[in-house]
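*Asks:* So the sequence lines, in the order shown, correspond to chains P and G.
Going by our numbering, the residue at position 85 of the first sequence is 166; the numbering climbs one at a time, nothing skipped.
Going by our numbering, the residue at position 78 of the second sequence is 368; the numbering climbs one at a time, nothing skipped.
Just so you know, the hints here were simulated from the structure itself, not pulled from any lab data.
Keep in mind the model is a prediction, meaning the values are calculated, not measured.
Using N, Cα and C, we set each Cβ at its ideal position, and we do this for glycine too.
Hints may contain errors.
Claimed, not checked - Some but not every residue of chain P turned toward chain G, in silico, with C-beta under 7 Å:
| id | residue |
| --- | --- |
| 1 | 123 |
| 2 | 124 |
| 3 | 125 |
| 4 | 184 |
| 5 | 187 |
| 6 | 189 |
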Amino acid sequence: AQSVTQLGSHVSVSEGALVLLRCNYSSSVPPYLFWYVQYPNQGLQLLLKYTTGATLVKGINGFEAEFKKSETSFHLTKPSAHMSDAAEYFCAVIVNYGGSQGNLIFGKGTKLSVKP
Amino acid sequence: KAGVTQTPRYLIKTRGQQVTLSCSPISGHRSVSWYQQTPGQGLQFLFEYFSETQRNKGNFPGRFSGRQFSNSRSEMNVSTLELGDSALYLCASSHETGVRETQYFGPGTRLLVL
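Looking at chain G on its own, in the form it has when it is part of the complex:
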């Protein structure tokens, strides 16, 4: 079974631009979560989607948004990019939502904002 895939793997943008990242979960998984990883703040939860609905949201500004499609694929969008948005963005999928579920991570998208 294929793992979680994320596209693109690397991205360079400039301040003020917007970016969309994509995540395809493991087949049959319906929950997708997004995390931001930076050297200073570590791994921080962004949001979780399940059955096309946002179920949980971390403490990030409204510039960060996401959505999930009927096939469980998810996209994350960051508008008006700032230098501090440079990070590795990780997507994780799980079969169902909830604390009992194990999250499986993709390789990440590394975003550099210049």
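If we strip away everything but chain P, and leave its shape as in the complex, we get:
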């Protein structure tokens, strides 16, 4: 069965510091991987996704993530945190069941706090 583990339910960084949010997945077949962000009282917004091809994926707002098959990881990074990055971040995986079905399986989320 597929699963997603996000290490650290809360991460705090200073403004301007590196942001690193960790995500590990478990899947017996090649996964498609996503990072979503959720601001308070809002829905989920897609940051970036990996399907096939280049393993370093660039997303919106300066975020990027690297798919590492050997480590079954898809960590999210941003070189310099901004106050507006404070939100909850969700890693998700979707698995190809023959190309016709599949649903997002989410990690528990990581709340990012940015200190001035």
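Keeping the supplied structure of chain P fixed, place chain G upon it in accordance with the hints.
*Replies:* The following block gives chain G in isolation, referenced to the frame of chain P:
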């Protein structure tokens, strides 16, 4: 292009009642998925509809049901509400169905069961 819209945004019900939530997908999108978000269980998949047919279903009791109309709008119904049904219900739409599709989420409906 307008995003995914969900109505109502907030809802208060009592145990035993039933509730219907509505989701209008992005124009041209034919797939609608529903997710439940709670502090304890996180985000969990409920079901997906495509071309008025349920294509995939999560591990929820039969009290949770849904449907999709010919214009791709979808409704979700929960009967005999329980306290544990209090949650944020998120709807997501995608152009087609399948793993290659990106799902775009609405703002959610926050349901409180008293």
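*Asks:* Okay, which hints does this one fail, numbers in order?
*Replies:* none
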